[in-house]
Amino acid sequence: MSRAPYVRPISAREWVFRHPRYVRYMVREFSCLFIGGWTLLMVWGLKALAEGPEAWTAFLQLLRSPAGIAFQLLTLAFALYHSVTWFNLTPKALPLPFIAAAHYAMWVLLSAGLLVISL
Amino acid sequence: MSKSNKPIVWGPFAAGGTLTAFLIPVLVLLTLLQPQGLSYESMHALAAHWAGKVALAGAIFLSLWSAAHRLRITLYDLGVRADALAAAVLYGATLACTGAALYYLVKI
Numbered sequence: 001m002s003r004a005p006y007v008r009p010i011s012a013r014e015w016v017f018r019h020p021r022y023v024r025y026m027v028r029e030f031s032c033l034f035i036g037g038w039t040l041l042m043v044w045g046l047k048a049l050a051e052g053p054e055a056w057t058a059f060l061q062l063l064r065s066p067a068g069i070a071f072q073l074l075t076l077a078f079a080l081y082h083s084v085t086w087f088n089l090t091p092k093a094l095p096l097p098f099i100a101a102a103h104y105a106m107w108v109l110l111s112a113g114l115l116v117i118s119l
Numbered sequence: 001m002s003k004s005n006k007p008i009v010w011g012p013f014a015a016g017g018t019l020t021a022f023l024i025p026v027l028v029l030l031t032l033l034q035p036q037g038l039s040y041e042s043m044h045a046l047a048a049h050w051a052g053k054v055a056l057a058g059a060i061f062l063s064l065w066s067a068a069h070r071l072r073i074t075l076y077d078l079g080v081r082a083d084a085l086a087a088a089v090l091y092g093a094t095l096a097c098t099g100a101a102l103y104y105l106v107k108i
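As given, the protein sequences belong to chains P and Z, one line each in that order. Just so we're aligned: the first sequence equals residues 1 to 119 in the working numbering. Just so we're aligned: the second sequence equals residues 1 to 108 in the working numbering.
Everything labelled a hint here was simulated from the structure, so no lab data went into it. No incorrect hints appear here.
Covered by chain P, per the in silico footprint, the following chain Z stretches (three or more residues, Cβ under 8 Å):
no., segment
1, 25–33
2, 36–48
3, 60–67
4, 96–103
Even for Gly, the Cβ is constructed at its ideal location relative to N, Cα and C.
Construct the complete structure from the given sequences, taking the supplied hints into account.
Structure (structure tokens):
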């Protein structure tokens, strides 16, 4: 019978700070908390929309509160980081020429289009 | 060997990751700036149309699913080894919140 292999104990949270690459990986992974949280906020907004104009106005005011603005700014920063890392990985998923550039161009067009029709 | 459910959980993750990469930054910018397009009349008109309902429900499901999947993997990376429990809770919460969104959309 062989002995159980030796496993050097390592704190589960310690490895993250061993290398900047691991920290960047974790920052990317933590973007899910903000993107998921913001999406839940939008589900809350649908509830307000179903309740009527006053509830919707209160929801918009909640978004304009200092905490609301801080959360949305953090979400914006993490979401931009998610977009950039996601598009930079597209050549690995789909090895075509200019595939990342095509995604960036589409991203800019879509964002500009949505901004213009919302004004 | 049992069948892997990886394609089932990974498909919506990839779709949601792509959708959120394209849309979340500009949508957050819109909820920050609150232009005319976010008025009650505009948003109600969007959510009252069947195509708007389908688009909103689909986007909410994909966004939440990809966030839940990423959080599940991250919890494992941080040393949480109860993966089956994490998966059940996170995917379950995604389905519950999508269900809530569908309920509000039907009411609109």
